[in-house]
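S.K.: Could you build the full structure based on these sequences and the hints that come with them?
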Amino acid sequence: MILRVLGTTAKLTTEIANDGTFELQLPSKLPYQQIWFSLGEYVYSCLYANEELNLTFDLEKLKNERVYMLGEGMAFAGKDGAINRTLNAYILYNKKHLPELYKDFQKLKPKDNRYMVKLDSLFNLQRTVNSNFLKENRQVAKKIIESETEAYYNSKKISYLLFKNDELTNIKELQIPIYAITNESAEYMRYLYWYINNKKLHTKQDKLSDSVKFTKIDSLLPNTYADLVKMQVSSRDLPSQLQINKVLEKSVKSKWATLYLNEENRELTSKILKMQNLLVAKQDETRNSKIGKYLKSTSFEGNLYLNEAKSGVELLKSIKGAFPDKYIIMDLWATWCTPCLSNMPHSKKLQLQADKEKLPVVFVYLCTDGNSSEALWQNKIAELELPGEHLFVQNTQMDELLTLFNGAGYPTYAVIDPKGGIYTQSINFFRNINLDRLKNLIKD
Numbered sequence: 084m085i086l087r088v089l090g091t092t093a094k095l096t097t098e099i100a101n102d103g104t105f106e107l108q109l110p111s112k113l114p115y116q117q118i119w120f121s122l123g124e125y126v127y128s129c130l131y132a133n134e135e136l137n138l139t140f141d142l143e144k145l146k147n148e149r150v151y152m153l154g155e156g157m158a159f160a161g162k163d164g165a166i167n168r169t170l171n172a173y174i175l176y177n178k179k180h181l182p183e184l185y186k187d188f189q190k191l192k193p194k195d196n197r198y199m200v201k202l203d204s205l206f207n208l209q210r211t212v213n214s215n216f217l218k219e220n221r222q223v224a225k226k227i228i229e230s231e232t233e234a235y236y237n238s239k240k241i242s243y244l245l246f247k248n249d250e251l252t253n254i255k256e257l258q259i260p261i262y263a264i265t266n267e268s269a270e271y272m273r274y275l276y277w278y279i280n281n282k283k284l285h286t287k288q289d290k291l292s293d294s295v296k297f298t299k300i301d302s303l304l305p306n307t308y309a310d311l312v313k314m315q316v317s318s319r320d321l322p323s324q325l326q327i328n329k330v331l332e333k334s335v336k337s338k339w340a341t342l343y344l345n346e347e348n349r350e351l352t353s354k355i356l357k358m359q360n361l362l363v364a365k366q367d368e369t370r371n372s373k374i375g376k377y378l379k380s381t382s383f384e385g386n387l388y389l390n391e392a393k394s395g396v397e398l399l400k401s402i403k404g405a406f407p408d409k410y411i412i413m414d415l416w417a418t419w420c421t422p423c424l425s426n427m428p429h430s431k432k433l434q435l436q437a438d439k440e441k442l443p444v445v446f447v448y449l450c451t452d453g454n455s456s457e458a459l460w461q462n463k464i465a466e467l468e469l470p471g472e473h474l475f476v477q478n479t480q481m482d483e484l485l486t487l488f489n490g491a492g493y494p495t496y497a498v499i500d501p502k503g504g505i506y507t508q509s510i511n512f513f514r515n516i517n518l519d520r521l522k523n524l525i526k527d
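Sequential numbering from 84 applies to the sequence shown in the numbering used here.
For the record, the hints were derived by calculation from the structure and aren't laboratory data.
Predicted, not measured: the structure shown is a model, and the values here were computed from it.
Please note that a few of the clues may not be correct.
Stated by the list, open to error - Below are the DSS-like pairs computed for lysine-lysine, each with C-alpha atoms no more than 30 angstroms apart in a straight line:
hint, residue 1, residue 2
1, K190, K178
2, K144, K162
3, K299, K338
4, K218, K247
To be verified - Pairwise CB distance ranges, derived in the manner of DEER restraints:
hint, residue 1, residue 2, range
5, K376, P443, 34 to 42 angstroms
6, D408, E135, 54 to 62 angstroms
7, K329, K146, 47 to 55 angstroms
8, G453, N360, 25 to 33 angstroms
9, N196, S318, 22 to 30 angstroms
10, Q508, K282, 20 to 28 angstroms
11, T307, N253, 14 to 22 angstroms
12, K283, H180, 37 to 45 angstroms
13, Q436, S382, 14 to 22 angstroms
14, D519, E135, 38 to 46 angstroms
15, K376, N281, 36 to 44 angstroms
16, Q189, K283, 25 to 33 angstroms
17, K329, H429, 31 to 39 angstroms
18, W277, N478, 23 to 31 angstroms
Glycine is no exception: its CB is placed at the ideal position from the N, C-alpha and C atoms.
M.R.: So this is what it looks like as structure tokens:
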């Protein structure tokens, strides 16, 4: 299942016990956390966890008909049961009555001079549908439904203000009540943070100081509201995130925020310690250093190098020369690139399968130093426990390789065969490549 936690997502999985039951422990206790839940190929539903939610599945019915949001093969119970039934019914109702609304939002561009007029028109349609649904369902979940709609509206409005470089006289115009932690509310809080960061912090030094940011947010927003927005200050680097949280701990006013940070900091500390242990490895003097300056080998079969080539072409030749009889799978990535990072667990799985089958394949990961650092690069590799050959490469050389591979940005993938042929269309995303497809790839 995919769990929404204050603007970030976490994927949780569990095994079903012999008696047919399962239990998932959520990493934090927050009000009405949105969970996109799947049960194999049988169920896909949206859950809202607050106090107590019990799910019951009828496998025989599910085999006959898959459940999408609601269906006969799944039942909600517990204190949160009724509101979950209603909110899933709302999703289906919305899709039925406004099937093209999402596409209409996608077509709406901030450069359009009538952007706000069109935006208001679209959301008035949504508000009308909301009103009709709530009348039919005795106003159950009214606060959450209306709040989520206004959160999405304000996200679009703030996006437009930032595009136009406009600033409202009173920031209260952008404030709405939040009753659930969902995709819409998380996006709204993220946009509100960006608005404050861009419009209320006027110097580069202020924007770089977490304590200044938190003080400014506190001066503009009510306490609970401010705590939610301050939690949008984040870093993809775990040690950096821990440092942000240490400053944030002194700033939050809400008890739930303190408890949340305590839980997250314990988890971050544990992950950082694990990363540090994984990166402590003996030097392997026999390691192939043709592809760069050798740094270390890890316990998860990762080999780390710093690029020493003067050009992208020279780097490519050195990689090819280091693995003359192998198919080379190249992954050009960045530490700040979300699609890059989300595909790496898939490439890791594929790499382990290929190693087990003893396929003549080597995975080479080239990370740009643009807007990154050597420490952040190593931390990401350790966090993912990603095996393979890893090079930290200067941005100029990476740009040269992107041009050579006709890559539009990160991630970009390429396959080099033992004869030196380069194929840039073989891999779109690793999540679309399984072992059989890889075997076919190295046959062709």
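S.K.: Does each hint hold? Answer for all of them.
M.R.: Hints, verified against the model:
no., hint, verdict
1, K190 to K178, "18 angstroms, holds"
2, K144 to K162, "25 angstroms, holds"
3, K299 to K338, "20 angstroms, holds"
4, K218 to K247, "38 angstroms, violated"
5, K376 to P443: 34 to 42 angstroms, "26 angstroms, violated"
6, D408 to E135: 54 to 62 angstroms, "59 angstroms, holds"
7, K329 to K146: 47 to 55 angstroms, "51 angstroms, holds"
8, G453 to N360: 25 to 33 angstroms, "29 angstroms, holds"
9, N196 to S318: 22 to 30 angstroms, "37 angstroms, violated"
10, Q508 to K282: 20 to 28 angstroms, "43 angstroms, violated"
11, T307 to N253: 14 to 22 angstroms, "19 angstroms, holds"
12, K283 to H180: 37 to 45 angstroms, "39 angstroms, holds"
13, Q436 to S382: 14 to 22 angstroms, "20 angstroms, holds"
14, D519 to E135: 38 to 46 angstroms, "44 angstroms, holds"
15, K376 to N281: 36 to 44 angstroms, "40 angstroms, holds"
16, Q189 to K283: 25 to 33 angstroms, "29 angstroms, holds"
17, K329 to H429: 31 to 39 angstroms, "33 angstroms, holds"
18, W277 to N478: 23 to 31 angstroms, "25 angstroms, holds"
Violation of the numbered hints given earlier is confined to hints 4, 5, 9 and 10; the remaining hints are satisfied by the structure.
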